Amino acid sequence: MRLVVMLLLLWGTAALAQPEAPLVARLSQDRVEVSTTFDGASILVFGSTAQPIGPGGAEILIVTTGPQQPFTVRRKVRVLGMWFNGPSARFAAVPAFYSVAGTLPAWRLLPEALRSQYHLGLDVLPMASSGARAPQFRAALLSLKQEAGLWQEDSAPVEISANRLFHSRLPLPATIPAGEYTVRVLLVESRRVVAEQVQRFVVERVGTAATIADVSRGQPLLYGVICVALAALAGWLGSIVFRRS
Amino acid sequence: MQVYLPIAEMSVDAFLLVGIGFGVGWLSGLFGVGGGFLLTPALLLLGIPAPVAVASGANQVLGASTSGVIAQSRRGNVDWVMGVVLVAGGLFGSIIGIQLFAFLRGAGLVDAVVSIFYVVVLGGVGSLMVMESLRAILRRRADAPARLHQHFWMHGLPFKIRFRKSRLFISVIPPLLVGAGIGLLSAIMGVGGGFMLVPAMIYLLGIPTAVVIGTSLFQVVCVTSAVTIMSAWQLGSVDIVLTLLLLLGGVSGAQFGAQMGGRLRGEETRALLGLLVLAVAAMLFWGLIDTPDHMFTLGPG
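These protein sequences, in sequence, are chains A and B. Using this note's numbering, the first residue of the first sequence is number 1, and each one after it goes up by one. Using this note's numbering, the first residue of the second sequence is number 1001, and each one after it goes up by one.
Since the hints were made in silico from the structure, they are not lab data. Values in this document were obtained by computation on a predicted structure and should not be read as measured data. One or more of the hints may lead you astray.
Claimed, not checked - Sample of chain B residues facing chain A (criterion: CB under 8 Å; computed from the structure):
| id | residue |
| --- | --- |
| 1 | Y1004 |
| 2 | P1006 |
| 3 | F1015 |
| 4 | Q1255 |
Idealized CB from N, CA, C, for every residue including glycine.
With the rest of the complex left out, here is chain A (with noise of 0.2 Å):
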């Protein structure tokens, strides 16, 4: 109902505003708040055209970004009979959270050169590694990372409605890292873009256990005696509380 209303909503202010502007998208909100009880949520991505899309016309592709972070894959090998981490390969920065939607595959879309340009596709993705360099671990990063769904790749179209309106839903899993996301919309006809558009969103830890984790960063020192006070205090108060002789 509320995703009718919206479109409905853009499609009269698209309508009535600017005809010439051949691409507008939106989010359904700019801020996702990660509480103690977060456990996931989705973000609306949604937009109108001047041009009809859909079959026997334009196309549409979102590609969401997260932020970028180092990560490191690691290689279990066998020694004496035990298990240990072993060789491994740094990814100095890739996106933290990332996912590719569109009408169609980008691929069918695209030429190759303008999806490496517009980072559309799981295997155009910089992964610049440092370390290991066997193939396996790029792989492995790829597999983790989509187990995780913190990687996604048109696992949900982007539907048409009235050739000239589109929506996408976004999940976003409860391990979603905090930071600045961008979404870009682009508007692809005849193998090129011809429109885009770029909209940001906040995923912000709010709460008790988003303070805990600042002050444990942001003034360790302090943090770990508080945690020795707390410690001391609950034991010493559990036992009083507890006492059974």
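Mind docking chain B on chain A? Use the hints.
Chain B in isolation, oriented as in the chain A frame:
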């Protein structure tokens, strides 16, 4: 009820944590040990990252031992001089342990090395406990008259100090070394180390049993405090939410366990504890040799 652990960065059932705390507290009250050596492996099995399990385990032991050390010092059962020497050694050992831990984390070897420490230490201690208590049960009748303590090479070392309460005049080197060893284990395994400290104090240092419990608790509280602060400072791995939930169960469980423990005989108790220790060691050993489901792991950094 799911609760988000801010440092472990994962959601866990709060009742499960309180329950684990209660179970471990009950066993530790029953056997009169700190229980850190049961708690950290339980957290590892739950999927808590090893650095967080170790640091929060040490923090929990600190809380669980606080009331004990207060009670013991009121009864005058703490040898403060011996305590300070043991703590000095313990601080040194735990500083080394934290540095080693930081290095191992960088190399991605924390999980395996923590497990190996557990397998070796618990395997050794457990075997000794079971053998010693079996022997004691077999010749329960043949009571040998106990001497105050035996004299051997240790008593020839320099830097002798008078430990009035322990009625000892010995070199500070052995208690420093014992303290350092326990401090190292505390930092790497997240334990208080009472299960090794108490025998070492009785058999190696010759401290009278009356002051052993109080003095060892004093050392445990001081060293786990140091481990907590250093882990928070250098590794950022203390999860206070986890610690407090475990303490909530642990403190109540310990009271029930202690009440029940009074009805068990010494040798049987030690044999049971030894078997429990061996079971934990065996479980962690299996984790080391079992072929992992995933050949690759993903970590930050």
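*asked:* Holds or violated: the hint that Y1004(B) contacts chain A, with Cβ atoms closer than 8 Å.
replied: Check passed: Cβ of Y1004(B) comes within 4 Å of chain A, closer than 8 Å.
_Restraint: Q1255(B) near chain A, CB-CB cut 8 Å. Satisfied or not?_
5 Å, holds
*Interface restraint verdict for P1006(B) against chain A (beta-carbon cut-off 8 Å)*: With a closest approach of 4 Å, the P1006(B) hint holds.
_Quick check on F1015(B) please, does its C-beta sit within 8 Å of some C-beta on chain A?_
The hint is violated - F1015(B) has no Cβ within 8 Å of chain A, the shortest such distance being about 15 Å.
Violation of the numbered hints given earlier is confined to hint 3; every other hint is satisfied by the structure.
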